[in-house]
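Protein chains in written order, with this note's numbering: chain A, 1 to 280; chain B, 281 to 485.
Think of the hints as simulated: they come from the structure by calculation, not from any bench.
Don't take every hint at face value.
To be verified - Result set (SDA-like, lysine to any residue): computed pairs, CA atoms no more than 25 Å apart in a straight line: (1) A/103 to B/429; (2) A/226 to B/423; (3) A/103 to B/294; (4) A/250 to B/323; (5) A/103 to B/356; (6) A/103 to B/357; (7) A/259 to B/282; (8) A/226 to B/450; (9) A/189 to A/126; (10) A/206 to A/266; (11) B/359 to A/227; (12) A/155 to A/103; (13) A/68 to B/323; (14) B/408 to A/206; (15) B/359 to B/282; (16) B/423 to B/450; (17) B/483 to A/76; (18) A/226 to B/408; (19) A/68 to B/282; (20) B/408 to A/161; (21) A/250 to B/282; (22) A/68 to A/80; (23) A/250 to B/307; (24) B/359 to A/260; (25) A/226 to B/405; (26) A/68 to B/423; (27) A/103 to B/309.
Stated by the list, open to error - These stretches of chain A come out as covered by chain B in the derived footprint (C-beta under 8 Å, 3 or more residues): (28) 52-64; (29) 68-78; (30) 214-221; (31) 230-238.
Unchecked claim - Distance ranges between label pairs, derived from CB positions: (32) A/158 to B/446: 39 to 49 Å; (33) B/293 to A/261: 27 to 37 Å; (34) A/198 to B/443: 49 to 59 Å; (35) B/340 to A/186: 38 to 48 Å; (36) B/450 to A/105: 23 to 33 Å; (37) B/288 to A/158: 51 to 61 Å; (38) A/253 to B/370: 38 to 48 Å; (39) B/435 to A/71: 30 to 40 Å; (40) B/341 to A/103: 22 to 32 Å.
Yeah, the Cβ is synthetic: ideal placement off N, Cα and C, and Gly gets one too.
One-letter residues, chain by chain:
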Amino acid sequence: MSKTVKEVQIGDVGAQAASRMDGDRMALNVGPSHPTTHGVLRLIMELDGDLITRCEPVLVYLHRGDEKIAENMTYNQFVPYTDRLDYLAPLANNVAYAITVEKLAGIELPERCEAIRVLVCEMARISSHLLGMGVFGMDAGAWTPFMYTFTEREKLYSLFEELTGARFTTSYTRIGGVARDLPEGWLSKVEKFVDELPQAIDEVEKLLTRNRIFLDRTEGIGTISKEDAIAFGITGPNLRASGVDLDLRKDRPYSGYEKYEFDVPIGTRGDCYDRYLVRI
Amino acid sequence: MIDEDFVSLLLKGREYLSVLHQEDCLTLQSDPAHIIDLCTHLRDEQTFDLLADLTAIDQGEDASTRFILVVHLYSLIHKSYLRIHVNCLDNLNPEVPSLSGVFPAANWHERETFDMFGISFTEHPNLKRILMWDEYPYYPLRKEFPLAGIEVPLPAADVSEVTGANVDPAPMMGGPFVSSSNGRLSEAEPRGKDESWTEDTEKLL
Numbered sequence: 001m002s003k004t005v006k007e008v009q010i011g012d013v014g015a016q017a018a019s020r021m022d023g024d025r026m027a028l029n030v031g032p033s034h035p036t037t038h039g040v041l042r043l044i045m046e047l048d049g050d051l052i053t054r055c056e057p058v059l060v061y062l063h064r065g066d067e068k069i070a071e072n073m074t075y076n077q078f079v080p081y082t083d084r085l086d087y088l089a090p091l092a093n094n095v096a097y098a099i100t101v102e103k104l105a106g107i108e109l110p111e112r113c114e115a116i117r118v119l120v121c122e123m124a125r126i127s128s129h130l131l132g133m134g135v136f137g138m139d140a141g142a143w144t145p146f147m148y149t150f151t152e153r154e155k156l157y158s159l160f161e162e163l164t165g166a167r168f169t170t171s172y173t174r175i176g177g178v179a180r181d182l183p184e185g186w187l188s189k190v191e192k193f194v195d196e197l198p199q200a201i202d203e204v205e206k207l208l209t210r211n212r213i214f215l216d217r218t219e220g221i222g223t224i225s226k227e228d229a230i231a232f233g234i235t236g237p238n239l240r241a242s243g244v245d246l247d248l249r250k251d252r253p254y255s256g257y258e259k260y261e262f263d264v265p266i267g268t269r270g271d272c273y274d275r276y277l278v279r280i
Numbered sequence: 281m282i283d284e285d286f287v288s289l290l291l292k293g294r295e296y297l298s299v300l301h302q303e304d305c306l307t308l309q310s311d312p313a314h315i316i317d318l319c320t321h322l323r324d325e326q327t328f329d330l331l332a333d334l335t336a337i338d339q340g341e342d343a344s345t346r347f348i349l350v351v352h353l354y355s356l357i358h359k360s361y362l363r364i365h366v367n368c369l370d371n372l373n374p375e376v377p378s379l380s381g382v383f384p385a386a387n388w389h390e391r392e393t394f395d396m397f398g399i400s401f402t403e404h405p406n407l408k409r410i411l412m413w414d415e416y417p418y419y420p421l422r423k424e425f426p427l428a429g430i431e432v433p434l435p436a437a438d439v440s441e442v443t444g445a446n447v448d449p450a451p452m453m454g455g456p457f458v459s460s461s462n463g464r465l466s467e468a469e470p471r472g473k474d475e476s477w478t479e480d481t482e483k484l485l
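Next up, chain A with everything else stripped away, as it sits in the complex (with noise of 0.2 Å):
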């Protein structure tokens, strides 16, 4: 059995989860994996026959030290830093960082702005569990849904694009606004958009909601309980998987946010399947 500990020893925490061993668990080391695949993490885990009776993760290999080098910047200049904070949704990370500093300068917009800056922030919303719900499908063996959510994530980057003139790093706002007004006929785009985003959803809700196999590698998997959710300090959808009625946009309004009526799905048993139910 020491033969088998021997042999996945790799570096210094994986020699000290060997040691650790009473003879019949073996140590298993993950990852690593390369940074362009959905996040890096390095998994030291304990196993005993195919259960993991220990997990050690190690973490932020890709940790860019943003604090220090805001720290030597102006407020506006930090702007193209906080694109990369979050790259699935970088305009939602903008107007986060704006209202921040906006907040510390006592400086109130004005209401037009005040409504792009929703209307962009929930754009990268949809678009951020467009690509979310795809992989997921992807990564529990469902290729095609992939294939539609992309297909109107395009779309939408198309709209970023022509609104802010990049697709991915749109370092959009400005501390007291907007880089620029919205082009003309950009809304008239986004409508039609809307319009056809819910068939495409239904697709994917087609080939996802009612799939057996989708059901049962995600139904009663991972399930964190609302106690669990809360005292890990977990938020946003993640946290309403759990059952737990936590909505900034509701309870703590910013930006306007309270005089849109919209509804805040809430799930009930904090699995895998409850957290694809309250995204799509």
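Guided by the hints, dock chain B onto chain A, whose structure is given.
Frame of chain A; chain B shown alone:
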């Protein structure tokens, strides 16, 4: 409701607490010794059960209190944030009790704060660096740490033995997008220096 009654009830019998006047949310100042009691009370009796953030502020080497621990709590019932400042008593070896027993979410936040600021959290179950490697000799978010970094040996001794390589400071130090954090904003911002065009006078092309 987070109102004056709430605050006066909270302050009653807690001489170590004081209110700091900040615009966005109720901010309390506590001392390190009572922080666990205070947070347990806020979690169990006052519904502030979600730890939103835990970080620190470095006031600079000359400050009388150099390190301030900052804790953000959120209450789902009050729909409100609450901030706690904890002044670390020792400027050279700052130390605070760990909150990971009260909020499991604090575990990694405290490891990050330890890694970046060098604040030790007593009774933390696994206090080791989370971003930098274990043997790294500096605390990068302290004010005296330079933006470019400092040359240190590679984390893997066997690799540096063969290659002779070190972790070098970044070559971008002092580049076009680096501004001093001192002085007026209009001077620090490069575009602020060109006054030939304003909102009223058009830029000459």
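Hint check results:
no.: 1; hint: A/103 to B/429; result: violated, 31 Å
no.: 2; hint: A/226 to B/423; result: violated, 39 Å
no.: 3; hint: A/103 to B/294; result: violated, 31 Å
no.: 4; hint: A/250 to B/323; result: holds, 23 Å
no.: 5; hint: A/103 to B/356; result: holds, 22 Å
no.: 6; hint: A/103 to B/357; result: holds, 24 Å
no.: 7; hint: A/259 to B/282; result: holds, 24 Å
no.: 8; hint: A/226 to B/450; result: violated, 44 Å
no.: 9; hint: A/189 to A/126; result: holds, 16 Å
no.: 10; hint: A/206 to A/266; result: holds, 21 Å
no.: 11; hint: B/359 to A/227; result: holds, 17 Å
no.: 12; hint: A/155 to A/103; result: violated, 33 Å
no.: 13; hint: A/68 to B/323; result: violated, 32 Å
no.: 14; hint: B/408 to A/206; result: violated, 47 Å
no.: 15; hint: B/359 to B/282; result: holds, 9 Å
no.: 16; hint: B/423 to B/450; result: holds, 17 Å
no.: 17; hint: B/483 to A/76; result: holds, 20 Å
no.: 18; hint: A/226 to B/408; result: violated, 29 Å
no.: 19; hint: A/68 to B/282; result: violated, 34 Å
no.: 20; hint: B/408 to A/161; result: violated, 43 Å
no.: 21; hint: A/250 to B/282; result: holds, 18 Å
no.: 22; hint: A/68 to A/80; result: holds, 15 Å
no.: 23; hint: A/250 to B/307; result: holds, 23 Å
no.: 24; hint: B/359 to A/260; result: holds, 19 Å
no.: 25; hint: A/226 to B/405; result: holds, 24 Å
no.: 26; hint: A/68 to B/423; result: holds, 9 Å
no.: 27; hint: A/103 to B/309; result: holds, 21 Å
no.: 28; hint: 52-64; result: holds (count 3)
no.: 29; hint: 68-78; result: holds (count 9)
no.: 30; hint: 214-221; result: violated (count 0)
no.: 31; hint: 230-238; result: holds (count 5)
no.: 32; hint: A/158 to B/446: 39 to 49 Å; result: holds, 46 Å
no.: 33; hint: B/293 to A/261: 27 to 37 Å; result: violated, 45 Å
no.: 34; hint: A/198 to B/443: 49 to 59 Å; result: holds, 57 Å
no.: 35; hint: B/340 to A/186: 38 to 48 Å; result: holds, 47 Å
no.: 36; hint: B/450 to A/105: 23 to 33 Å; result: holds, 30 Å
no.: 37; hint: B/288 to A/158: 51 to 61 Å; result: holds, 56 Å
no.: 38; hint: A/253 to B/370: 38 to 48 Å; result: holds, 42 Å
no.: 39; hint: B/435 to A/71: 30 to 40 Å; result: violated, 25 Å
no.: 40; hint: B/341 to A/103: 22 to 32 Å; result: holds, 29 Å
When the structure is compared with the earlier hints, violations turn up for hints 1, 2, 3, 8, 12, 13, 14, 18, 19, 20, 30, 33, 39 and for no others.
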